[in-house]
Amino acid sequence: MTDNIPLQPVRQKKRMDSKHRGGCCECLRCCGRREPRPRTVWLGHPEKREQRYPRNVINNQKYNFFTFLPGVLFNQFKYFFNLYFLLLACSQFVVEMRLGALYTYWVPLGFVLAVTVIREAAEELRCYVRDKEVNSQIYSKLTARGTVKVKSSNIQVGDLIIVEKNQRVPADMIFLRTSEKNGSCFLRTDQLDGETDWKLRLPVGCTQRLPTASDLLQIRSYVYAEEPNIDIHNFVGTFTREDSDPAVNESLSIENTLWASTVIASGTVVGVVLYTGRELRSVMNTSNPRSKIGLFDLEVNCLTKILFGALVVVSLVMVALQHFAGRWYLQIIRFLLLFSNIIPISLRVNLDMGKIVYSWVIRRDSKIPGTVVRSSTIPEQLGRISYLLTDKTGTLTQNEMVFKRLHLGTVAYGLDSMDEVQSHIFSIYTQQAQEPPAVKGPSLATKVRRSMSSRVHEAVKAIALCHNVTPVYESNGVTDQAEAERHYEDSCRVYQASSPDEVALVQWTESVGLTLVGRDQSSVQLRSPGGHILNFTILQIFPFTYESKRMGIIVRDESTGEITFYMKGADVVMAGIVQYNDWLEEECGNMAREGLRVLVVAKKSLTEEQYQDFEARYVQAKLSVHDRSLKVATVIESLEMEMELLCLTGVEDQLQTDVRPTLETLRNAGIKVWMLTGDKLETATCTAKNAHLVTRTQDIHIFRLVTNRGEAHLELNAFRRKHDCALVISGDSLEVCLKYYECEFMELACQCPAVVCCRCAPTQKAQIVRLLQERTGRLTCAVGDGGNDVSMIQEADCGVGVEGKEGKQASLAADFSITQFKHLGRLLMVHGRNSYKRSAALSQFVIHRSLCISTMQAVFSSVFYFASVPLYQGFLIIGYSTIYTMFPVFSLVLDKDVKSEVAMLYPELYKDLLKGRPLSYKTFLIWVLISIYQGSIIMYGALLLFESEFVHIVAISFTSLILTELLMVALTIQTWHWLMIVAELLSLSCYIASLVFLHEFIDVYFIATLSFLWKVTVITLVSCLPLYVLKYLRRRFSPPSYSKLTS
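Sequential numbering of the sequence shown, starting at 1, is according to my numbering.
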């Protein structure tokens, strides 16, 4: 019993998270927005509104015209680094504190701010253009003057909007009319909830019965709707028509709604607009866009604070050594200004320019075509990801179902043997009708053949009948719709269903000869291989539900009068329904291990008396007021006994290209992958196995459905006893666990090699990302392709959108946009790794460059009686960090330790970066010591070797400093690029050429002497040679991991 550790329930903290639009009333009042209230919406009369409603605009921008400049400047100066330089530049307006020309302080700061403002403006402009494209989509609106065109952004509450097939629904609407004969329409909701199943929607009965759509404006009617909220799965409202006698009242539910961001999959629909703008369900389920600040930038900010501490200490020491004589407080400020180079202003510029280069390199990479960098501020984040949270549908999978296997117990048919199934079906329908009279009994072989053919035929017929698929005929340019429907034209037929699995099954039966050609509420028509139409009457349908995990249909064959009950469902429920057999469980397990979605198909023949008895009990159960669902289920279960097992079907949701090797690469790189999907538990588990997110050797713990604290406690204890197993949990159970045992659940989940969360709402996805960040302190990356993934993408440290057939909503909201999931491997392993390592080297080198000159200043001041006099003035101080050393130092953004092929081949190299070693306190300290050593050597060397004039000290020390920097860059580079050589030579040439103009600071005649040359050479060699020797010895006796791969 030692495993049964009591779990402490967490105290519920009230989270005032401003990032969620569906937040509490407090936030709404603070923002000056009214509390959402229920509303009455008159059809076609937006002017009758009771309150003001938000405009129907999509806005992903961080700023508007008025807040742009204040917002950007605030985001820059809220960090210590930039605020320090602003105060520094402002101090030069005070005469007592001025050390040189104003331009030496204001020009660098102005350049930094200009680069930032231009970059942010470009990103905001791109965002504005994308939003304008969505807001400018044209729709048809019904008015008293007829149909008029209207932009999406001009749609108002109460408008009657016409939405065509394959068009996006522009606002949350109530479904009033459809052009479909069956009086319903299908919706694609994957952009809203991530589910691939199409949803059936029903119009308001009263409005569907009107002769024409324009009659909607002639009736006096209104919709009473609940207040806006984030629940996309429920709706409560009523429809009232006042001008009829008596008044018509109809209740409205989720079945009557058309939410924004869904797509009409069948027919043309008319709806009345209920909610717009920020009150849309889809918008309330997304987070506000936020400015993401990379962990690397925060670490650099922290190092800047350490340098500032060093600056204050050095200034105080200098004044203390003067025994605080005179106006010592002014001396402290002058020393603070004098040593201000300790914190390099060029650091921010170099890092920002480096980010632009990394973004350009990513966009130009031919091996990941179509990749777009939408947020150029965080490319280094890609190099330190610990948790990858991915959507399933359209991200890992193509959302294309393919029928892979038919298993009959004794024989299985795969893709390569489907012609055998076809021949069995053909033989049944050609030989059944015309059997020749046999003189002798048929041979044993013929009997076996006929027996197998009939078994195959029964299985295929069951699959062709047991579903909710409707064939729809469309004009193809040659044949019009009516004619195609009359003749069952194959080229004009498309299948509509709520599940792509069912479409795949029906398409497969068509491929083997039994075609679904017609269906309405009461009948089904199949076509045999010989072209005969087989008519079946639908007596009852029992639809699939998440709880029952099965669907059934009772049909009567019109040609024979036989009544048959067909059923298909998940193996876990069907095992107890079918007759005893010894192969079902084993074969289901085998097919599931191959990543197939398995359905068990069974049948039961009913006599007319049995059916009449069932129907009477079924109708009576449906009329009962109390416990209706329980009584109905009991009646149906009386039929579900001793059914004949016909077959197993295996359908595969095709994975995206190279998903398996990409996931393996990420796993080897030390990245844990969590799959968050809105899809069903069985589907999610199947895909996880198929994609090898869960390896063959790993167990899977399916977290059972829990509804209260006690159940959650027991299930968490059961899970605690498991080791090295993947976790599969539903959104409902997750919500209960996070409510009572947030800390314990996250601790256990983070230990799992993989986690699958199914039935996840968009806000839950974002919540999981936030909890991972809070609990682990590690960087997260979220990948998705649908509108339901936007919250998760924006919440993650690094958001990646996949552009696919589901649209561009996710890719537009993401920091990085890719065209295929497999590109993620190269984006992280190559570009993420290079960006982080390059920025780490660049930042430390820029700090080294500034510390060198600050050390020289400190030595100079201490030698000359602690005077607050600058060593280098005017152009020398600006030229040092710009034209003389900028190009070689910045060329480090082109450096790389290994080739991209090696980085992809050995993802373990990425794992080294997760510890943050390229930029750590240890590496920072090493560079500080190098800077102090070199600055001291150069300054003391110049003081030791100079002869008579002070100007010679400046010439010797400054030239040695420039040469040392150029040599140090060469020492740091690991892979030479031709631009690096150009940068070194260009900088040296610029310095030599500028000496002619620097006679104010440097004696031009002195630098032409042999004495100058040998002194500079000696000082430079003493400052650099020991470091070369140390580097060689380190690589010889303690080489880094990457050097073993390149040698």
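The set of hints was computed from the structure by calculation and includes no laboratory data.
Errors might be hidden in some of the hints.
[To be verified] Simulated restraints on C-beta separations: (1) H626 to T143: 17 to 27 Å; (2) E594 to K922: 26 to 36 Å; (3) L943 to L979: 52 to 62 Å; (4) W978 to T67: 23 to 33 Å; (5) L988 to W1014: 13 to 23 Å; (6) G531 to T143: 17 to 27 Å.
[Stated by the list, open to error] Quick list of in silico lysine-lysine cross-link-like pairs, DSBU-like style, CA-CA up to 30 Å: (7) K899 to K915; (8) K899 to K199; (9) K62 to K165; (10) K62 to K48; (11) K149 to K132.
Here the structure is a predicted model, which means the values were calculated and not measured.
Backbone N, C-alpha and C define an ideal beta-carbon position, used for all residues, glycine too.
Hint check results:
{"no.": "1", "hint": "H626 to T143: 17 to 27 Å", "in the structure": "violated (48 Å)"}
{"no.": "2", "hint": "E594 to K922: 26 to 36 Å", "in the structure": "violated (49 Å)"}
{"no.": "3", "hint": "L943 to L979: 52 to 62 Å", "in the structure": "violated (37 Å)"}
{"no.": "4", "hint": "W978 to T67: 23 to 33 Å", "in the structure": "violated (44 Å)"}
{"no.": "5", "hint": "L988 to W1014: 13 to 23 Å", "in the structure": "holds (18 Å)"}
{"no.": "6", "hint": "G531 to T143: 17 to 27 Å", "in the structure": "violated (50 Å)"}
{"no.": "7", "hint": "K899 to K915", "in the structure": "holds (22 Å)"}
{"no.": "8", "hint": "K899 to K199", "in the structure": "violated (49 Å)"}
{"no.": "9", "hint": "K62 to K165", "in the structure": "violated (33 Å)"}
{"no.": "10", "hint": "K62 to K48", "in the structure": "violated (34 Å)"}
{"no.": "11", "hint": "K149 to K132", "in the structure": "holds (17 Å)"}
Of the numbered hints listed earlier, those contradicted by the structure are 1, 2, 3, 4, 6, 8, 9 and 10.
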